[in-house]
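Visitor: Once you've looked at the hints, dock chain B against the given chain A.
Number of protein chains: 2
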Amino acid sequence: MTITIDLDHKSHVPLYLQIVYQVRTLIARGALSVGDRLPAHREFAAPLGVNRSTIMTAYEELAAEGLIRSRIGSGTFINGVPAPRHGNSEKEPVPPSPMPWSALLTDQSHDDWLNGMLQAHQHTGSIALAHALPDTDLFPLDDFRRCVDSALRKEGRTLLQLGSSEGYAPLQRSLASQMTLSGMSVRPNEVLITNGCQQALELIHQLFVRPGEAVAIENPTYPGALSVFCGKQATYLSVPVGDTGMDLDVLEDLLLRRSPKLLYTIPNFHNPPGVSMDLAARRRLIELAVKYRVPIIEDDIYGELRYGGPALPSLKALDQYGLVLYLNSFSKIAFPGLRVGWIAAPRIVIEHLTVLKRKSDLHTNLLAQAALYEFTKRGFLTKHLKRVRKAYAERRDTMFAALERYFPKEATWSKPTGGMGIWVQLPHLLSARQILVQAAEQGVTFSPGEYFYASLPQPHMMRLSFTTAGPEAIAEAVKRLGAMIKAQLVNVKKQRGPHRAEGHQALV
Amino acid sequence: MTITIDLDHKSHVPLYLQIVYQVRTLIARGALSVGDRLPAHREFAAPLGVNRSTIMTAYEELAAEGLIRSRIGSGTFINGVPAPRHGNSEKEPVPPSPMPWSALLTDQSHDDWLNGMLQAHQHTGSIALAHALPDTDLFPLDDFRRCVDSALRKEGRTLLQLGSSEGYAPLQRSLASQMTLSGMSVRPNEVLITNGCQQALELIHQLFVRPGEAVAIENPTYPGALSVFCGKQATYLSVPVGDTGMDLDVLEDLLLRRSPKLLYTIPNFHNPPGVSMDLAARRRLIELAVKYRVPIIEDDIYGELRYGGPALPSLKALDQYGLVLYLNSFSKIAFPGLRVGWIAAPRIVIEHLTVLKRKSDLHTNLLAQAALYEFTKRGFLTKHLKRVRKAYAERRDTMFAALERYFPKEATWSKPTGGMGIWVQLPHLLSARQILVQAAEQGVTFSPGEYFYASLPQPHMMRLSFTTAGPEAIAEAVKRLGAMIKAQLVNVKKQRGPHRAEGHQALV
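Here the protein sequences line up with chains A and B, keeping their order. My numbering applies: residue 1 is where the first sequence begins, and numbers increase by one. My numbering applies: residue 509 is where the second sequence begins, and numbers increase by one.
Misleading hints may appear alongside valid ones.
[Stated by the list, open to error] BS3-like cross-link-like pairs, simulated, lysine-lysine; straight-line CA separation at most 25 Å:
hint, chain 1, residue 1, chain 2, residue 2
1, A, 10, B, 891
2, A, 386, A, 415
3, A, 409, A, 479
4, B, 994, B, 917
5, B, 769, B, 740
6, A, 377, A, 154
7, A, 154, B, 662
8, B, 923, B, 987
9, B, 662, B, 891
10, B, 740, A, 261
11, B, 885, A, 10
12, B, 518, A, 383
13, A, 386, B, 518
14, A, 377, B, 885
15, B, 894, A, 10
16, A, 390, A, 415
17, A, 390, A, 377
18, B, 923, B, 994
19, A, 415, A, 479
20, A, 154, A, 383
21, B, 1002, B, 987
22, B, 740, A, 232
23, B, 898, B, 917
24, B, 994, A, 232
25, B, 1001, B, 987
26, A, 261, A, 291
27, A, 479, A, 493
28, B, 898, B, 1002
29, B, 898, B, 885
30, B, 987, A, 154
31, B, 885, B, 662
32, A, 493, A, 409
33, B, 987, B, 917
34, A, 390, A, 479
35, A, 494, A, 415
36, B, 917, A, 390
37, B, 898, A, 10
38, A, 486, A, 409
39, A, 10, B, 662
It should be emphasised that the hints constitute simulated quantities derived from the structure, not laboratory data. Predicted model, so just to flag it, every value in this text is computed and none were measured.
The shape of chain A in the complex, shown without the other chains (with noise of 0.2 Å):
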């Protein structure tokens, strides 16, 4: 009998301890039974390199447990087995059968658009258009080091230590300060540290909408709203977005007839179609969640990236009835690897909002609230700021020329004056996924519009974001999607020709 122990001399698990619980594995697996003889001390401790009196100590444990039993003169035997008794079959033990759990689990498959976004990232090598994210070769690390160090320097060991579940209160003073400098009036207390504006959507989703109870959202949107907002159980209320925003007209109609608990809208830079509401839009989407009481959730994740066109009023800025949720974070204008973000709310909200944040995870990690409150102190936010809006201007402009000089006439797209991608609507005949999966093979990854939409998917709409790449690969990228896409539609054509009218049905 050859027992086979691995030690592992550098865990926090004590090295007689990890004996004890593989002995008693050994025991329950069978390749040790009642009976077996077990090494004398030093013949146990040599090869495994560790003390006599390891095994000793071991050797009681499992002794104290009744698995083993020393009999004096003879040895040390196994004297129990571990395993289960079931049912009446003492002896033999019955082969373990699998939990059903498909029949235990609450359905979840609806809720995966996340999972369709997030999975494209993981082309290595590619040129990546896929994501909504800042480019890592722009994040000062160096500055971001010294920010980390420094919290940790002054702070000390309390930023490891339990912390206030509405989040890091320097973190909370600064944003409530920067939010009025922004012409929204803020106070400390009325800001809630989140996990990124995701968290922000989950926790507002429990806290007004009950099961069978309605959310209006833009159609197309964010896909992390879908998720909490369009699951197996919810209901939502689609509003088509144009080229100022949300349909107003269509949602008046939905908050008179159908009576939404909350209302989802990104005014600035809307992910994925790349507009902005106008002020006069802004203005009466107020006036309509004030006549029909509903509060508004004013997603907020790309102002800061603004690149031209008039800086706009928030609606929280135009809000004199306080019935804007705003939401905001730092994943898009810094680091979104630290998964900080905020809700800023009346203070009753917040209150309300603070009981289920506890519930969901107590608080957002400190060190990560605190290394941000010191890179927006010293400086360190506004410079990164100036130096990415500079980068991703560039390659949204680098984007547009090649769109103009690769792609075919019939294609359009959006003209966004900031945020992170521009949406392309291609010819009626073609599918994004379908040309995604010859793109992928060509080095090239983004986004089918299809992830985007709560209802009505429009396959021939694309998203390519333009901060992840730097302009030459964006170039490169844009013009081996041309080629793709012009041969694709040739085919579409030669193939329909006489048909279209019955063919453009078909795929619409």
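Guide: Quick look at chain B alone, frame taken from chain A:
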């Protein structure tokens, strides 16, 4: 007319925009009215310490919005008002009427276990025996700072970019291998990193429990679990806890009659009663779960804080059926402020939980995960655990001795061989909550037992944590508490002497 503008020269909001935003707000609030003349560029710029061009840009922006207009030769005037229109009264702004928030929110009023528990934290200068938290003073700050810095240097900018929803892969691997050393068979892709055990509970609840379905929990138990499993719309089945953990006969009866969907337990150093399940109870619990096909949530957050007694196998180690969902965290053994915990469970369960995790907050922050990975890998966790186990064991013994010496003989308490607190039973006539009021005035805080009950709260129970205060402070605090309790006992007995039976009835 005086215009007061506050500028923050360090803000990432450009100066001209700060001016635009604030002028807009002044107009909206009526501090500036149509026809009012704005100062010339130079006059405006001088007192603010900005360039004339900044004012010029701000005026252009305001003019583009139609809020101001220049008349040649006479200056710049307020031209429009950005306040929203209302119904028919276009001229008179309607005074803002508040949103009817209370009517709009779903009811959270029953979810306040954690709030109660955490509030006792706030008394500064007191000796805090209220919280099951590690001692801040024992945190190895320099070691940790080195780990953060090293993680950032090694991994670089990728730690700041969006990561995987399942967790930081090196940490998943490290946890899986540590668990395997402890006798559990776990692969890295069977580990999901969460924001502490609290989020783990929340995600598991979402995955397994539909409205109206029940969860079996120990009573008393961790208040964070109560907040998840016993909220307004939840159904729970409470199982009393005795000297060897939960009453398994009661549990079997509930499994048979009420079909709970999940079973939540803390087998090691149960919080608050401090007891551990013995091996026979662990085996029978697994058998019951197999028989009734109920997944067990095993919360092992105190498992590593063992000061004596045998190291019993975890339920996960005994489980041959893959029905245990194992939870653990760095919050008790290291740093709760980082909010990093994990779930180890069969791959199919992890896959579904990952979808929910993504929807909740995309992923747990990478910096904290990478820093904890370094902290583990370099052996700092092992070193830290040795140190705190020694310190906490000593403090626990100090508390035992002080209880023996200062508490009335009618009081009894648990004798935990691990964990963070002692569970004290006072004479039935006393109320721990009343004692807390007096204790807080005298500089001692603790947790009244009632915070921990799902049902039938016992007012005469209290939990005294021995981890956050040093030995002298513990002895002093127990001395003060003992004197208060003895005095109250004398009073209560005096008042109720002749009517004892009646008084007892009323108080139990």
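Visitor: With reference to the structure, classify each hint as holding or not holding.
Guide: Comparing the hints with the structure gives:
For the hint pairing residue 10(A) with residue 891(B), the CA-to-CA distance comes to about 10 Å; that is within 25 Å, so the pair holds. Annotation: proposed proximity of residue 386(A) to residue 415(A) holds, straight-line Cα distance about 21 Å (limit 25 Å). For a cut-off of 25 Å, the pair hint linking residue 409(A) to residue 479(A) stands: about 14 Å separates their Cα positions. At roughly 10 Å between alpha-carbon atoms, residue 994(B) and residue 917(B) fall within 25 Å of each other, so this suggested pair holds.
Taking the CA atoms of residue 769(B) and residue 740(B), the gap is about 17 Å. The hint holds against a cut of 25 Å. Among the hinted pairs, residue 377(A) with residue 154(A) is consistent with the structure: their alpha-carbon atoms are about 14 Å apart, no more than 25 Å. Among the hinted pairs, residue 154(A) with residue 662(B) is consistent with the structure: their alpha-carbon atoms are about 24 Å apart, no more than 25 Å. For the suggested pair residue 923(B) and residue 987(B), the alpha carbons sit about 19 Å apart, so the restraint of at most 25 Å is met.
Of the supplied pair hints, the one linking residue 662(B) and residue 891(B) holds, its CA atoms being roughly 23 Å apart against a limit of 25 Å. For the proposed pair residue 740(B) and residue 261(A), the alpha carbon gap of about 20 Å is at most 25 Å, so the pair holds. Between residue 885(B) and residue 10(A), the direct Cα distance comes to roughly 8 Å. Compliance with the 25 Å bound is thereby established for this hinted pair. Restraint check for residue 518(B) and residue 383(A): satisfied, since their Cα atoms lie roughly 10 Å apart, inside the 25 Å limit.
Among the hinted pairs, residue 386(A) with residue 518(B) is consistent with the structure: their alpha-carbon atoms are about 13 Å apart, no more than 25 Å. Simply put, residue 377(A) and residue 885(B) have alpha-carbon atoms about 33 Å apart, too far for the 25 Å limit, and the pair is violated. Simply put, residue 894(B) and residue 10(A) have alpha-carbon atoms about 13 Å apart, close enough for the 25 Å limit, and the pair holds. Of the pairs offered as hints, the one joining residue 390(A) and residue 415(A) holds, with about 17 Å between alpha carbons and a cut-off of 25 Å not exceeded.
As the CA atoms of residue 390(A) and residue 377(A) are separated by approximately 22 Å, the hinted pair is consistent with the 25 Å bound. Of the supplied pair hints, the one linking residue 923(B) and residue 994(B) holds, its CA atoms being roughly 22 Å apart against a limit of 25 Å. Using a Cα cut-off of 25 Å, the hinted pair residue 415(A) and residue 479(A) holds, with the two alpha carbons roughly 19 Å apart. Our distance criterion of 25 Å between C-alpha atoms is met by residue 154(A) and residue 383(A), whose separation comes to about 23 Å.
This hinted pair checks out: residue 1002(B) and residue 987(B) have alpha carbons roughly 23 Å apart, not beyond 25 Å. Distance check on the hinted pair: residue 740(B) and residue 232(A) sit about 22 Å apart at the alpha-carbon level, within 25 Å; holds. Restraint check for residue 898(B) and residue 917(B): the C-alpha separation of about 29 Å exceeds 25 Å, so the hint is violated. Only pairs whose Cα atoms come within 25 Å are accepted, and residue 994(B) paired with residue 232(A) is rejected, the gap being roughly 58 Å.
Restraint check for residue 1001(B) and residue 987(B): the C-alpha separation of about 21 Å stays at or below 25 Å, so the hint holds. Pair hint residue 261(A) plus residue 291(A) holds up; C-alpha atoms about 13 Å apart against a cutoff of 25 Å. The hinted pair formed by residue 479(A) and residue 493(A) meets the criterion: a straight-line CA distance of about 21 Å does not exceed 25 Å. Between the alpha carbons of residue 898(B) and residue 1002(B) the distance comes to roughly 43 Å, so the proposed pair goes past 25 Å and is violated.
For a cut-off of 25 Å, the pair hint linking residue 898(B) to residue 885(B) stands: about 22 Å separates their Cα positions. For the hint pairing residue 987(B) with residue 154(A), the CA-to-CA distance comes to about 36 Å; that exceeds 25 Å, so the pair is violated. For the given pair, residue 885(B) sits about 14 Å from residue 662(B) by alpha-carbon distance, which is consistent with the 25 Å threshold. A threshold of 25 Å between alpha carbons decides the hint, and for residue 493(A) with residue 409(A) the separation of about 14 Å falls inside it, so the pair holds.
Between residue 987(B) and residue 917(B) the CA atoms are separated by roughly 14 Å; this keeps the pair inside 25 Å, and the hint holds. Only pairs whose Cα atoms come within 25 Å are accepted, and residue 390(A) paired with residue 479(A) is accepted, the gap being roughly 23 Å. Distance restraint check for residue 494(A) and residue 415(A): the Cα-Cα separation of roughly 31 Å exceeds the 25 Å cut-off, and the hinted pair is therefore not satisfied. This hinted pair does not check out: residue 917(B) and residue 390(A) have alpha carbons roughly 75 Å apart, beyond 25 Å.
A C-alpha spacing of about 19 Å is found between residue 898(B) and residue 10(A), which places the hinted pair at or below 25 Å, so the restraint holds. For the hint pairing residue 486(A) with residue 409(A), the CA-to-CA distance comes to about 10 Å; that is within 25 Å, so the pair holds. As the CA atoms of residue 10(A) and residue 662(B) are separated by approximately 21 Å, the hinted pair is consistent with the 25 Å bound.
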